[in-house]
Amino acid sequence: MSSIGTGYDLSVTTFSPDGRVFQIEYAAKAVDNSGTVVGIKCKDGIVIGVEKLIASKMMLPGSNRRIHSVHRHSGMGVAGLAADGRQIVARAKSEAHNYESTYGEPIPIKELADRVASYVHLCTLYWWLRPFGSGVILGGYDRDGPQLYMVEPSGVSYRYFGAAIGKGRQAAKTEIEKLKLSELTCRQGVIEVAKIIYGVHDEAKDKTFELEMSWVCDESNRQHQKVPEALLEEAKAAAKAALEEMDAD
Amino acid sequence: MPSEQKLGSAIVDTVFANMVSSQNESSLLSSEGDSQRTQYPYVTGTSVIGIKYKDGILMAADMGGSYGSTIRYKSVERLKQVGKHSLIGASGEISDFQEILRYLDELILHDSMWDDGNSLGPKEVHNYLTRVLYNRRNKFDPLWNSLVLGGVKNGQKYLGSVSMIGVHFEDDHVATGFGNHLARPILREEWREDLTFEEGVKLLEKCMRNLLYRDRSAVNKLQIAKITEEGLTISQPYSLKTFWNFAAFKNPTVGAEGSW
Numbered sequence: 001m002s003s004i005g006t007g008y009d010l011s012v013t014t015f016s017p018d019g020r021v022f023q024i025e026y027a028a029k030a031v032d033n034s035g036t037v038v039g040i041k042c043k044d045g046i047v048i049g050v051e052k053l054i055a056s057k058m059m060l061p062g063s064n065r066r067i068h069s070v071h072r073h074s075g076m077g078v079a080g081l082a083a084d085g086r087q088i089v090a091r092a093k094s095e096a097h098n099y100e101s102t103y104g105e106p107i108p109i110k111e112l113a114d115r116v117a118s119y120v121h122l123c124t125l126y127w128w129l130r131p132f133g134s135g136v137i138l139g140g141y142d143r144d145g146p147q148l149y150m151v152e153p154s155g156v157s158y159r160y161f162g163a164a165i166g167k168g169r170q171a172a173k174t175e176i177e178k179l180k181l182s183e184l185t186c187r188q189g190v191i192e193v194a195k196i197i198y199g200v201h202d203e204a205k206d207k208t209f210e211l212e213m214s215w216v217c218d219e220s221n222r223q224h225q226k227v228p229e230a231l232l233e234e235a236k237a238a239a240k241a242a243l244e245e246m247d248a249d
Numbered sequence: 001m002p003s004e005q006k007l008g009s010a011i012v013d014t015v016f017a018n019m020v021s022s023q024n025e026s027s028l029l030s031s032e033g034d035s036q037r038t039q040y041p042y043v044t045g046t047s048v049i050g051i052k053y054k055d056g057i058l059m060a061a062d063m064g065g066s067y068g069s070t071i072r073y074k075s076v077e078r079l080k081q082v083g084k085h086s087l088i089g090a091s092g093e094i095s096d097f098q099e100i101l102r103y104l105d106e107l108i109l110h111d112s113m114w115d116d117g118n119s120l121g122p123k124e125v126h127n128y129l130t131r132v133l134y135n136r137r138n139k140f141d142p143l144w145n146s147l148v149l150g151g152v153k154n155g156q157k158y159l160g161s162v163s164m165i166g167v168h169f170e171d172d173h174v175a176t177g178f179g180n181h182l183a184r185p186i187l188r189e190e191w192r193e194d195l196t197f198e199e200g201v202k203l204l205e206k207c208m209r210n211l212l213y214r215d216r217s218a219v220n221k222l223q224i225a226k227i228t229e230e231g232l233t234i235s236q237p238y239s240l241k242t243f244w245n246f247a248a249f250k251n252p253t254v255g256a257e258g259s260w
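As given, the protein sequences belong to chains A and B, one line each in that order. So for the first sequence, UniProt numbering puts the first residue at 1; every next one is plus one. So for the second sequence, UniProt numbering puts the first residue at 1; every next one is plus one.
Warning: the hint list may mix true and false statements.
Taking lysine-lysine pairs in the PhoX-like style, the calculated list, with each CA pair at most 25 Å apart, reads [as the list claims (entries may be wrong)]:
| # | chain 1 | residue 1 | chain 2 | residue 2 |
| --- | --- | --- | --- | --- |
| 1 | B | Lys54 | B | Lys80 |
| 2 | B | Lys241 | A | Lys226 |
| 3 | B | Lys54 | B | Lys206 |
| 4 | B | Lys241 | B | Lys206 |
| 5 | B | Lys84 | A | Lys226 |
| 6 | A | Lys43 | A | Lys205 |
| 7 | B | Lys84 | A | Lys93 |
Read the hints as simulated data drawn from the structure, not as lab findings.
Isolated chain B, as found in the complex (with noise of 0.2 Å):
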């Protein structure tokens, strides 16, 4: 791409290389011939966590919209619902997540347009989506999202994450980002098959706490999202309490007097 060049003779130029591009290349190579490199993420957005609990799924994502070190957006919804079964939780760069949500419509639209009784269930969702990123990824032209996708059909619970690069799991607990780092190691000690509702926000928020102390890129501003048979809500954003009462803080300089 040329980008050094000004829009208008860009977009000339941009139209007569793809037609020389076109005439001179094996359709093999036409993905190095329109100069894809893997892009760069602008606006992002953190951890998401999903646990299976006793009705269904739970799923926690903050809404911070980082640009970089900024946290430029503070109301990003990062979990939506997907048809009558799934709900979707991304991370990653916001815009991707917004055409991956326009592509999700379109699928969901065609498939409750025939009308035959059957809807598409959240495995079926999960394995589209693992189908787009991988392939996106093969043409050097990534969407830089990884995503948790989770819901519940005819009483069969079901989550799943698929990375940016299409790798795919189905587990009774994911995370992306960081929260596979500071989250999972949580969920795999205190995570149990019958946890209540109750029980499993509390866990979540206890993840969620974690990664708002650790995670850079976290803000204090949260929804949960449960997914059952009976449907779908995601709650009212909320914040955590936060708890800075230790007595390294109260005397920080404790066995180093003079430093800070």
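So that you can see chain A by itself, here it is in the shape it has in the complex (with noise of 0.2 Å):
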């Protein structure tokens, strides 16, 4: 624990002598501690991939979807405390649902990020509202091409080209930095995505995970949807593959 509130981390409404408010940072710890999600923009589209850590045997695969489809053409992956994260993805819909509904056309995902966001940083400015205990990564194709924007608990949202959030996103990020992302098509980022949340996944640490892909691309007709099947069969045996092989060094 790098500082101890003391007083001024009863409150998301006290600032503490430093200017830091201690409730939003503790909200943040949620989401560090939860399985990594990670997002790239490759030069045709958007892949989200996330390290679904699996808390009992009992649960069928496929359940627990952490990433979802906010409109046609854009999804978010969740990291931190899952119900949080289900009220962020219902209010993003609505968003959406609501700009298509004004404007007749889908909402550009500047704008949805921009709303998510402020509707995420709404909930730290009352002493009666806890702050969300978990983070999205959105991405999307719009007009303007694939986008990709990561929302903090805070409501600080950037725009990325390549974005972590989670356990291992230390790691994952210094994995992204390595790739050429402008000269990556999605197929091939799909299974760098896969390689990369095989690689930080601590075997020692965790249970077993479930990894779950989805993309935005020209391939899918620019609408979000799980990866197909076979493709994701072959990201994770090349990811098994990558696993192999370093441990062979």
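Using the supplied hints, reconstruct the complex from the two chains, each of which is provided in its own coordinate frame.
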């Protein structure tokens, strides 16, 4: 624990003497302790991947979806408290629907990110509301091409070409920086994301995990959808092979 | 609604009337308090005919939008796709049809966002439309349409219709408006379970030609749509040949010389 609040951390409406709001930082800890979520922007689209830590062997594979479609052209991968994440997704769907209802075109991703960030920020302004304990990686494809945004529990939102949140984010970010994203197609990007997630998964500390991936790209007709079965299997196989190679060294 | 007042004051008065009415009236009477009356349709489409055939559903509708007795619009698409498995054809008020398409778009979008491997089929969409239309009718604020809903899901063909008051049917052949009176008798005689695509189109064209002769709001520009397990196609607009070469037309005044 870097610094204990000692009295300044009891409410989200209290600043500490050194200008920090501890409650928001604690909310971010909830995100940091969750499974890794990775998003990259390739030259023809976005790929999002999630390391879904399996809490119990009783769970059916494919359950507990962490990536949700927000509209036809966009989706979000969620990290942190699952129920909080569901609220953020619900709000994003609502915003996207309202925008299209009013303006007649699908919501630009920039606008969507703005609205989601404003909503998350809203919940850091009142003492009777707690901040969201989840962060999201939002990817979409609109008139200005594919775009990737990340929204943190503080309400901050930036546009990225590669982003990661959760346990393995430091290692993931290092791996993403090694990629030449502007030259990758989404097909190749899917393989790379799988490798990254398998790579940052800590066998010793964590239980098994399930890989969940989605994309929005030219190949998917600019619709947000789960990565097709065949490609997902190919990616998992390549990731496992890459791990074994590393272990062999 | 204070229809005789200018727009600006009408808005203020409507807001005030709503405030007053919501305070004074119970929710049971609120529809009368808003003084809803059955509307009048303005721009309307005429008949839609749908038939089941060997591989799926065939539907036909012309492209006319009448403004009363004037044929105002001649390129109105009254046959539309709904999701993966269904096709809707509408007659009646075109603006209400556009609103229904918005509702269906939202329905299909939310269904697809679940991403659970399932998608709404024609039976479900038909049921949804019936609920929407019936509930609007109960509020004395109907969507002034008669709809035909057909599709194929998992090999099962489905064809139904629903009217503006929520009366719904499911059958091997359905029609709206004048189609009920002019097309369905033909279909009762000539429809078969195993019609091929070509036979089905010929049968529909026979019905549409009959409507063209007898329905004053029909226009000679139609589309035929086909939906099967594989998918949906809506044809390009085309016209039917008509035949006026009848003896009585050549010599119209025979038996009553001097008349016209």
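Now the hints, each set against the structure:
Distance restraint check for Lys54 of chain B and Lys80 of chain B: the Cα-Cα separation of roughly 21 Å lies within the 25 Å cut-off, and the hinted pair is therefore satisfied. For the hint pairing Lys241 of chain B with Lys226 of chain A, the CA-to-CA distance comes to about 49 Å; that exceeds 25 Å, so the pair is violated. Between Lys54 of chain B and Lys206 of chain B, the direct Cα distance comes to roughly 18 Å. Compliance with the 25 Å bound is thereby established for this hinted pair. Our distance criterion of 25 Å between C-alpha atoms is met by Lys241 of chain B and Lys206 of chain B, whose separation comes to about 10 Å.
About 18 Å separates the Cα atoms of Lys84 of chain B and Lys226 of chain A, which keeps this hinted pair within 25 Å; it holds. Annotation: proposed proximity of Lys43 of chain A to Lys205 of chain A is violated, straight-line Cα distance about 35 Å (limit 25 Å). At roughly 22 Å between alpha-carbon atoms, Lys84 of chain B and Lys93 of chain A fall within 25 Å of each other, so this suggested pair holds.
The earlier numbered hints that this structure contradicts are 2, 6.
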